[in-house]
Amino acid sequence: MSAINQLNSIFQEIFDDPALVVRPETSPSDIADWDSIAQVKLVLAVEEVFGTRFTTEEVSSLHCVGDFIAALTRGKGEIA
Amino acid sequence: MITTAEVIRASVENAGPDLRRAVQVAFAITVDHGLEREVLRTLETRTSQGARWLRAILTEAMEGSQAASSYWKDVVTQSGCEVPDALLHRARAAFRGSDRDKAAALLRLAFQGAADYDFFLRAETLTRKCKPAFGCHRKIRIALLGSSTTTLLRGLMELLFLRDRLESGFYEAPFGAYMQELLQRDSQLIKFRPEFIVLLLNWRDLGLPNVCEDGLAADAISRVTEAWQAAMDRTSAQIIQLTFVPPLQDSYNALSSVMKTGRARTIKKINEALLEHAPARVTLIDSERIAASNACPWEDSISWSSAKVYPAPRVLPNVAEHMVACVRAELGLSRKVLILDLDNTLWGGVVGEDGLDGIRLGPPSASGERFQEFQRYVKAFGQRGVLLGVVSKNNPEDAIEVFRRHQGSVLRLEDFVSFKANWLDKPSNIRQMASELQLGLDSLVFLDDNPAERSEVREELPEVIVPEISSEPSESIAALERGLYFQAIRLTSEDAARSASYLVRTKQEELRLSSGSLHQYLNDLRMQIKHGPVDADTCMRVTQLINKTNQFNLTTKRYSLEEVHRRMISPNSWFHWYSLRDRFADHGLIGILLAEMTSSEWTVDTWLMSCRVIGRGVEDFMFRDMVEHAQRSGAQRLRAYYIPTAKNKLVEDLLPRFGFVATDNADEFVLDLAAAVLPECNFLHREVIEVKLRMEVKTT
Numbered sequence: 116m117s118a119i120n121q122l123n124s125i126f127q128e129i130f131d132d133p134a135l136v137v138r139p140e141t142s143p144s145d146i147a148d149w150d151s152i153a154q155v156k157l158v159l160a161v162e163e164v165f166g167t168r169f170t171t172e173e174v175s176s177l178h179c180v181g182d183f184i185a186a187l188t189r190g191k192g193e194i195a
Numbered sequence: 041m042i043t044t045a046e047v048i049r050a051s052v053e054n055a056g057p058d059l060r061r062a063v064q065v066a067f068a069i070t071v072d073h074g075l076e077r078e079v080l081r082t083l084e085t086r087t088s089q090g091a092r093w094l095r096a097i098l099t100e101a102m103e104g105s106q107a108a109s110s111y112w113k114d115v116v117t118q119s120g121c122e123v124p125d126a127l128l129h130r131a132r133a134a135f136r137g138s139d140r141d142k143a144a145a146l147l148r149l150a151f152q153g154a155a156d157y158d159f160f161l162r163a164e165t166l167t168r169k170c171k172p173a174f175g176c177h178r179k180i181r182i183a184l185l186g187s188s189t190t191t192l193l194r195g196l197m198e199l200l201f202l203r204d205r206l207e208s209g210f211y212e213a214p215f216g217a218y219m220q221e222l223l224q225r226d227s228q229l230i231k232f233r234p235e236f237i238v239l240l241l242n243w244r245d246l247g248l249p250n251v252c253e254d255g256l257a258a259d260a261i262s263r264v265t266e267a268w269q270a271a272m273d274r275t276s277a278q279i280i281q282l283t284f285v286p287p288l289q290d291s292y293n294a295l296s297s298v299m300k301t302g303r304a305r306t307i308k309k310i311n312e313a314l315l316e317h318a319p320a321r322v323t324l325i326d327s328e329r330i331a332a333s334n335a336c337p338w339e340d341s342i343s344w345s346s347a348k349v350y351p352a353p354r355v356l357p358n359v360a361e362h363m364v365a366c367v368r369a370e371l372g373l374s375r376k377v378l379i380l381d382l383d384n385t386l387w388g389g390v391v392g393e394d395g396l397d398g399i400r401l402g403p404p405s406a407s408g409e410r411f412q413e414f415q416r417y418v419k420a421f422g423q424r425g426v427l428l429g430v431v432s433k434n435n436p437e438d439a440i441e442v443f444r445r446h447q448g449s450v451l452r453l454e455d456f457v458s459f460k461a462n463w464l465d466k467p468s469n470i471r472q473m474a475s476e477l478q479l480g481l482d483s484l485v486f487l488d489d490n491p492a493e494r495s496e497v498r499e500e501l502p503e504v505i506v507p508e509i510s511s512e513p514s515e516s517i518a519a520l521e522r523g524l525y526f527q528a529i530r531l532t533s534e535d536a537a538r539s540a541s542y543l544v545r546t547k548q549e550e551l552r553l554s555s556g557s558l559h560q561y562l563n564d565l566r567m568q569i570k571h572g573p574v575d576a577d578t579c580m581r582v583t584q585l586i587n588k589t590n591q592f593n594l595t596t597k598r599y600s601l602e603e604v605h606r607r608m609i610s611p612n613s614w615f616h617w618y619s620l621r622d623r624f625a626d627h628g629l630i631g632i633l634l635a636e637m638t639s640s641e642w643t644v645d646t647w648l649m650s651c652r653v654i655g656r657g658v659e660d661f662m663f664r665d666m667v668e669h670a671q672r673s674g675a676q677r678l679r680a681y682y683i684p685t686a687k688n689k690l691v692e693d694l695l696p697r698f699g700f701v702a703t704d705n706a707d708e709f710v711l712d713l714a715a716a717v718l719p720e721c722n723f724l725h726r727e728v729i730e731v732k733l734r735m736e737v738k739t740t
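So the protein lines, in turn, are chains A and B.
The opening position of the first sequence corresponds to residue 116 in our numbering, with each subsequent residue numbered one higher.
The opening position of the second sequence corresponds to residue 41 in our numbering, with each subsequent residue numbered one higher.
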């Protein structure tokens, strides 16, 4: 569950909405400002915070918050 | 037994260079395990940056941004520098508390030091919401044309422009369609009437194979210059372009840069040719210099393939900073004065306590060498036309002693146009210095290692840029390199002589005080004025002056070199320059008058004067000169405008003083030439007229 907490604060910051709560199923259809440019920004911000780089394949597979979590936790143990 | 909360605390207190990430992870674990209270308790007495950061972020999660705001204030680096992330959190709290002005001030400071692309992303939305509070004084129209995605760069430039109190309107050409947009007679681009065009091209646009046979470079060069030509023909914009960076991947590897026909070597040749042939309306930015200063690669193949972003997003903030600096320079908004603190800024240690022999400046001390290096860096700033000043809390004798007698001091007293070592507060000293130099506070940059002094100056004088630095001199250099506060597009001989000219002004101030009267003072100056029509020799300096003069400027119209040239050769324009010399200095070309002529009437388009020579009666001479020429041409009226700006209050009364009468139209004045009264021939004037009779007068 750790990843989603961190993702949540990234989403809150990028969309400047402190009340925003994202779930694994949250997708661009739930957040009005989540357009293709916001997507590029999200990918970059997530990479920065998690200290990782997504592959081209992964970048094109990120369609909802759950996809971010899947890409982030692939091959990693739970943090806690 | 050590508790989980203590482990979490230890993880942020012993974090590596990426403290932000360590705090994020610690925060996530704390929340996952519901340990907020326990962790906060273990942090209570801790003062490390990591502990303070974690405390702020936990308090924010539990009690909201208002409650956390004072904790965020404590998040500073070891040496007391502000941390952009903490400033962003404080800005959020201020915004939610409806204090937009404070939010904008905090964001402005954060953008001064932020280099991470990631930071800009997180700050972007909030900054847009605070837009009205940034106090923009000018709008600019910029077109972004290119063969890559321009949106990310646009976002960054918008934020940096806001920081600099500029409101930017952008036009982004459809992806890759820049040439069509430039060539089509009534394209959206042409209708947008851009003041600046940023041309974002990359090596792909050059169409070069790995091995470039003869002629390919020439083709590529002409393709770029054709784009320039189209932009110059169809718009009046200044064009800004990055030089090309060879592809990071090339199957010929190192050979690509060594082989005569190698692609990398060919691209360097192309850059060289572009620099050589760029007309004045094209500003080229050296990409290699930016690339070398970035820790991450210039190009990122994933960002390119997924979103056509070029160069790499992490390089973009630095690129945007360079572009914004070029725009500032073109608009005459570059800073003019670098004011320095002394102890622990220009040398290591405190001269008043450690004595002349105790301070670190020059070898053998390693830190002394770095301070000396910094002095050398600063000295060269002075040589290229940036004015240098000192504001320091010190006994004046102690401070002066270092520049007179210390072996390691590269800077000498003569390098400073103003030297204030005393015990007054720094804002007062800085304000005083600005008024002596007759420059606005927004011409100043102040460097001081002391966080309290910085914050006091920022609070009192928000127009002054005060970068965050520690007492490590390489940080001072880095701050000046990053900020590009003194960006200049090109140098003229006046730039090199500027410091000397200001320096003597300080001496003139002394003379003014010691002289019995103003007339006596002006007489003692033995001024000589020279003037004539703007020509090929003077048009460069004239353009420069037109674009940066703010105070003595009736209309504040800005013209590119090309526009100046057009008026210079137009038979309907009367376009004159004035230069001044006195017994202390040659001030060079300091005044410009431009009038549009019809048979019955002259309209004053531009009347400006460098603030260095205000109060000398030069304006009287200029007025007299123009009236005499207008009368001789048979004109009956002079029409003129005073267009008020934030900075030209100085000339509010200029036109009425010379007998102009306000008309019913806003800002408009007329003078009946038959009734014109030429300025009283006070002492100065007689002097000037005599000079005029003596010298060779160029006539139109």
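Derived by calculation from the structure, the hints in this document are not laboratory data.
There's no promise every hint is true.
[To be verified] Here are the simulated lysine to any residue pairs, SDA-like style, with alpha carbons at most 25 angstroms apart:
| no. | chain 1 | residue 1 | chain 2 | residue 2 |
| --- | --- | --- | --- | --- |
| 1 | B | Lys171 | B | Gly209 |
| 2 | B | Lys113 | A | Asp182 |
| 3 | B | Lys171 | A | Phe130 |
| 4 | B | Lys687 | B | Leu601 |
| 5 | B | Lys376 | B | Gln478 |
| 6 | B | Lys171 | A | Ala153 |
| 7 | B | Lys169 | A | Pro133 |
| 8 | B | Lys348 | A | Pro133 |
| 9 | B | Lys348 | A | Ala153 |
| 10 | B | Lys171 | A | Asp131 |
| 11 | B | Lys376 | B | Asn54 |
| 12 | B | Lys169 | A | Ser151 |
| 13 | B | Lys348 | A | Phe130 |
| 14 | B | Lys348 | A | Ile152 |
| 15 | B | Lys142 | A | Gln154 |
| 16 | B | Lys142 | B | Glu499 |
| 17 | B | Lys171 | A | Ala147 |
| 18 | B | Lys376 | B | Ala461 |
| 19 | B | Lys171 | A | Leu135 |
| 20 | B | Lys179 | B | Gln228 |
| 21 | B | Lys376 | B | Ser600 |
| 22 | B | Lys171 | B | Gly104 |
| 23 | B | Lys169 | A | Ser144 |
| 24 | B | Lys113 | A | Gln127 |
| 25 | B | Lys419 | B | Gly448 |
| 26 | B | Lys169 | A | Ala134 |
| 27 | B | Lys113 | B | Asn54 |
| 28 | B | Lys308 | B | Gln269 |
| 29 | B | Lys376 | B | Leu324 |
| 30 | B | Lys142 | A | Pro133 |
| 31 | B | Lys348 | A | Leu135 |
| 32 | B | Lys348 | A | Phe169 |
| 33 | B | Lys169 | A | Leu177 |
| 34 | B | Lys348 | A | Ser144 |
| 35 | B | Lys348 | A | Asp182 |
| 36 | B | Lys348 | A | Ala134 |
| 37 | B | Lys171 | A | Ser151 |
| 38 | B | Lys169 | A | Phe169 |
A quick look at each hint next to the structure:
no., hint, in the structure
1, B:Lys171 - B:Gly209, "holds (13 angstroms)"
2, B:Lys113 - A:Asp182, "violated (36 angstroms)"
3, B:Lys171 - A:Phe130, "holds (16 angstroms)"
4, B:Lys687 - B:Leu601, "holds (23 angstroms)"
5, B:Lys376 - B:Gln478, "holds (12 angstroms)"
6, B:Lys171 - A:Ala153, "holds (20 angstroms)"
7, B:Lys169 - A:Pro133, "holds (14 angstroms)"
8, B:Lys348 - A:Pro133, "violated (31 angstroms)"
9, B:Lys348 - A:Ala153, "holds (14 angstroms)"
10, B:Lys171 - A:Asp131, "holds (14 angstroms)"
11, B:Lys376 - B:Asn54, "violated (42 angstroms)"
12, B:Lys169 - A:Ser151, "holds (21 angstroms)"
13, B:Lys348 - A:Phe130, "holds (23 angstroms)"
14, B:Lys348 - A:Ile152, "holds (11 angstroms)"
15, B:Lys142 - A:Gln154, "violated (30 angstroms)"
16, B:Lys142 - B:Glu499, "holds (11 angstroms)"
17, B:Lys171 - A:Ala147, "holds (21 angstroms)"
18, B:Lys376 - B:Ala461, "holds (21 angstroms)"
19, B:Lys171 - A:Leu135, "holds (23 angstroms)"
20, B:Lys179 - B:Gln228, "holds (19 angstroms)"
21, B:Lys376 - B:Ser600, "holds (21 angstroms)"
22, B:Lys171 - B:Gly104, "holds (24 angstroms)"
23, B:Lys169 - A:Ser144, "holds (23 angstroms)"
24, B:Lys113 - A:Gln127, "holds (21 angstroms)"
25, B:Lys419 - B:Gly448, "holds (13 angstroms)"
26, B:Lys169 - A:Ala134, "holds (17 angstroms)"
27, B:Lys113 - B:Asn54, "holds (21 angstroms)"
28, B:Lys308 - B:Gln269, "holds (22 angstroms)"
29, B:Lys376 - B:Leu324, "holds (22 angstroms)"
30, B:Lys142 - A:Pro133, "holds (19 angstroms)"
31, B:Lys348 - A:Leu135, "violated (30 angstroms)"
32, B:Lys348 - A:Phe169, "holds (16 angstroms)"
33, B:Lys169 - A:Leu177, "violated (28 angstroms)"
34, B:Lys348 - A:Ser144, "holds (24 angstroms)"
35, B:Lys348 - A:Asp182, "holds (22 angstroms)"
36, B:Lys348 - A:Ala134, "violated (33 angstroms)"
37, B:Lys171 - A:Ser151, "holds (24 angstroms)"
38, B:Lys169 - A:Phe169, "violated (31 angstroms)"
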